[in-house]
Amino acid sequence: MPLPKMPSLSVRPSWPIPLPRLSWPALLLSLAGCATSSLDLAPPRADRPWTPPVDASGAIVSGPARPDSPDARYVLPANAAAGAVPQDNAIDPGHEYTLAELIDLAQSSNPRTRIAWNAARNAALATGMVKSVYLPQLAATAMTGWRHSNGSSNIGLGDSSSNSSTHGTVGVLSLQWLLFDFGGRQARVQAAEQATIAGNVALTAVHQQLVQEVSVAYHGYIAARARTVNARQGLVNAGTLLDAANARYRQGQGTVVEVAQATQNREQARLATVTADGAEQDAYLALITAMGISPLAQPRIAALPDHALSPALAQPVEQIITDALARRPDVLAAYAAEQAEQAKARAADSDFLPKVFLSASTSHTSGRSSITAVPAIGQQAGTVNLDGSRSGSSVFLGVTLPLYDGGLRAAARMQARNDAASAGERLTRAKQDATRQIVAARNALRSGIAANEAAVALLKAARVTYDAASAAYRNGVGSLTDATLAQSQMLVAQNAYADSIANARSAAAVLAVATGRVSLLDER
Numbered sequence: 019m020p021l022p023k024m025p026s027l028s029v030r031p032s033w034p035i036p037l038p039r040l041s042w043p044a045l046l047l048s049l050a051g052c053a054t055s056s057l058d059l060a061p062p063r064a065d066r067p068w069t070p071p072v073d074a075s076g077a078i079v080s081g082p083a084r085p086d087s088p089d090a091r092y093v094l095p096a097n098a099a100a101g102a103v104p105q106d107n108a109i110d111p112g113h114e115y116t117l118a119e120l121i122d123l124a125q126s127s128n129p130r131t132r133i134a135w136n137a138a139r140n141a142a143l144a145t146g147m148v149k150s151v152y153l154p155q156l157a158a159t160a161m162t163g164w165r166h167s168n169g170s171s172n173i174g175l176g177d178s179s180s181n182s183s184t185h186g187t188v189g190v191l192s193l194q195w196l197l198f199d200f201g202g203r204q205a206r207v208q209a210a211e212q213a214t215i216a217g218n219v220a221l222t223a224v225h226q227q228l229v230q231e232v233s234v235a236y237h238g239y240i241a242a243r244a245r246t247v248n249a250r251q252g253l254v255n256a257g258t259l260l261d262a263a264n265a266r267y268r269q270g271q272g273t274v275v276e277v278a279q280a281t282q283n284r285e286q287a288r289l290a291t292v293t294a295d296g297a298e299q300d301a302y303l304a305l306i307t308a309m310g311i312s313p314l315a316q317p318r319i320a321a322l323p324d325h326a327l328s329p330a331l332a333q334p335v336e337q338i339i340t341d342a343l344a345r346r347p348d349v350l351a352a353y354a355a356e357q358a359e360q361a362k363a364r365a366a367d368s369d370f371l372p373k374v375f376l377s378a379s380t381s382h383t384s385g386r387s388s389i390t391a392v393p394a395i396g397q398q399a400g401t402v403n404l405d406g407s408r409s410g411s412s413v414f415l416g417v418t419l420p421l422y423d424g425g426l427r428a429a430a431r432m433q434a435r436n437d438a439a440s441a442g443e444r445l446t447r448a449k450q451d452a453t454r455q456i457v458a459a460r461n462a463l464r465s466g467i468a469a470n471e472a473a474v475a476l477l478k479a480a481r482v483t484y485d486a487a488s489a490a491y492r493n494g495v496g497s498l499t500d501a502t503l504a505q506s507q508m509l510v511a512q513n514a515y516a517d518s519i520a521n522a523r524s525a526a527a528v529l530a531v532a533t534g535r536v537s538l539l540d541e542r
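Position in the sequence shown (from 1) plus 18 gives the number in our numbering.
One or more of the hints may lead you astray.
To be verified - List time: in silico SDA-like cross-link candidates among lysine to any residue, alpha-carbon distance up to 20 Å: (1) Lys149 - Gln204; (2) Lys478 - Ala438; (3) Lys449 - Ser167; (4) Lys478 - Asn513; (5) Lys149 - Gly202; (6) Lys478 - Asp437; (7) Lys149 - Phe198; (8) Lys478 - Lys449; (9) Lys449 - Ala342; (10) Lys149 - Ala138; (11) Lys478 - Ile338; (12) Lys449 - Ser368; (13) Lys149 - Ala137; (14) Lys149 - Gln194; (15) Lys449 - Ala378; (16) Lys449 - Gln227; (17) Lys449 - Asp341; (18) Lys149 - Ala74; (19) Lys149 - Arg139; (20) Lys449 - Asn513; (21) Lys149 - Ser368; (22) Lys449 - Gln433; (23) Lys149 - Val374; (24) Lys149 - Leu197; (25) Lys478 - Phe198; (26) Lys149 - Arg364; (27) Lys478 - Val510; (28) Lys149 - Gln357; (29) Lys449 - Val374; (30) Lys149 - Pro67; (31) Lys449 - Ala438; (32) Lys149 - Phe375; (33) Lys478 - Lys149; (34) Lys449 - Arg364; (35) Lys149 - Trp195; (36) Lys478 - Leu503.
Hints listed in this document are in silico derivations from the structure and should not be mistaken for laboratory results.
My request is simple: use the sequences and hints to build the entire structure.
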């Protein structure tokens, strides 16, 4: 006798609904084309300029390029927001800035100082992140879930169907704390601290480099401005000689050739003045660039007091190298990098030693499911246990020791030791480079001081020669050739004096930075 049919516990769902045979291939093809369809965002042709789409304000937006046109131009649309030039409100147009004021302005305005400062701050934050490994790690987890299943079967005695549904929530609070790892955490903290020191030293190095660049550019501009003054004075002197030649010609004492030569001399002086003006403008732009302010800024530059250079600046190099190497930023940064790499090598060694940890968790569940969790410790994966209890707590004190990892730790230790050895070699190279820079800067300063002394004597002699030659020509007892030659030689002497001052003071600035003693700038 057949058994009666069992009552159904659920209604058989109508899903899945059969799809047309071509729907699945069409769907797959449409999904496959989603990524390559982004090629529409690129320029359509390689031989024509891109015509980008823009919004209402004229800014370039992402999207398919506009249709190509025969009159396409090689000019992009203007974006007012991108082209805005920041204003240097700190510039006083009525104030003449001294070298010290220009350096201070550069330190506060140049983006390089802020970039280096942010890098130092990030290094300090990284140290704090590494130090957090000494503290326990707490984690809270809350989960809720549902499960629904249905099925039907035919066992020959009739059809049967079933329907089941479960739900539950769980909350877990877990703690893990690494108690001891044989110095691994300490080594990593030391490496981070040395990286912080290197970042802080880099900020000082940027400031010292700015001092050198602004000082050299300032002295170059002062020399270029002096050359312009000398060229203009040379033009005045050439005009004086031309007036004298015309007067001698009118009196019947001169010739047309002398007038022509004097005219040529004046035009040469005019060309020299134009050239000097251009060089002065270029030197001014170089100074603005070194300061890092807007090229549109027009600060007035004060002249440097004209005083003799102190021979004490060129002290014997043997007396300053040892002290300089102990305070140079690049040497200190290389030393900090070496210490950091050695600390990383010690941290790699600690990975071969066991670690002692503490783990704890507590959980509460509701519904028809329960779960307790033990957090992952070290290289051990976390576990999930279903025990059916609605609440539970656990505390573990354990030791973990990695036994085999395919040589990963050994390779990492070898890399760390190689990095430490390379850092030591970089420190040695930094000392050698610093020594060469100090010797070169000291030689340049000695040569600059000697050239300045020679230029002073040359300028005095050239001025006397010019005064005598021009007076003799005006009085009819000298030649125009001697007068023009004396004029050109005096211009050369004036420029040589201006260049010697600039070169010597620039060399003093370079030596001050090379020795790590920027205070030397105040002794010039």
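Status of the hints after comparison with the structure:
1. Lys149 - Gln204: Answer holds: Lys149 to Gln204 is near 9 Å, not above 20 Å.
2. Lys478 - Ala438: violated (60 Å)
3. Lys449 - Ser167: Distance ~75 Å between Lys449 and Ser167 Cα, so the pair is violated.
4. Lys478 - Asn513: holds (13 Å)
5. Lys149 - Gly202: Roughly 12 Å between the alpha carbons, so the hint for Lys149 and Gly202 holds.
6. Lys478 - Asp437: Status violated; Cα separation ~60 Å.
7. Lys149 - Phe198: Holds. Lys149 to Phe198 sits at ~14 Å (cutoff 20 Å).
8. Lys478 - Lys449: violated (44 Å)
9. Lys449 - Ala342: Holds - the C-alpha atoms of Ala342 and Lys449 are around 10 Å apart, at most 20 Å.
10. Lys149 - Ala138: Cα-Cα ~17 Å, so holds.
11. Lys478 - Ile338: violated (35 Å)
12. Lys449 - Ser368: Distance of about 32 Å is beyond 20 Å: violated.
13. Lys149 - Ala137: holds (19 Å)
14. Lys149 - Gln194: holds (16 Å)
15. Lys449 - Ala378: Distance ~52 Å between Lys449 and Ala378 Cα, so the pair is violated.
16. Lys449 - Gln227: holds (18 Å)
17. Lys449 - Asp341: Holds. Lys449 to Asp341 sits at ~12 Å (cutoff 20 Å).
18. Lys149 - Ala74: Not OK: Lys149 and Ala74 at ~51 Å, beyond 20 Å, violated.
19. Lys149 - Arg139: The given pair, whose Cα atoms are some 16 Å apart, holds under the 20 Å limit.
20. Lys449 - Asn513: Roughly 38 Å between the alpha carbons, so the hint for Lys449 and Asn513 is violated.
21. Lys149 - Ser368: holds (17 Å)
22. Lys449 - Gln433: Violated. Lys449 to Gln433 sits at ~24 Å, over the 20 Å cutoff.
23. Lys149 - Val374: holds (18 Å)
24. Lys149 - Leu197: The given pair, whose Cα atoms are some 14 Å apart, holds under the 20 Å limit.
25. Lys478 - Phe198: Roughly 79 Å separates the two Cα atoms, so the pair is violated.
26. Lys149 - Arg364: Holds, at about 16 Å.
27. Lys478 - Val510: Holds - the C-alpha atoms of Val510 and Lys478 are around 12 Å apart, at most 20 Å.
28. Lys149 - Gln357: holds (18 Å)
29. Lys449 - Val374: violated (43 Å)
30. Lys149 - Pro67: Violated, at roughly 53 Å.
31. Lys449 - Ala438: Roughly 17 Å separates the two Cα atoms, so the pair holds.
32. Lys149 - Phe375: holds (17 Å)
33. Lys478 - Lys149: Distance of about 68 Å is beyond 20 Å: violated.
34. Lys449 - Arg364: violated (25 Å)
35. Lys149 - Trp195: holds (13 Å)
36. Lys478 - Leu503: Given pair Lys478, Leu503 holds - Cα atoms ~16 Å apart, limit 20 Å.
In summary, the structure is inconsistent with hints 2, 3, 6, 8, 11, 12, 15, 18, 20, 22, 25, 29, 30, 33, 34 from the numbered list given earlier, while agreeing with the others.
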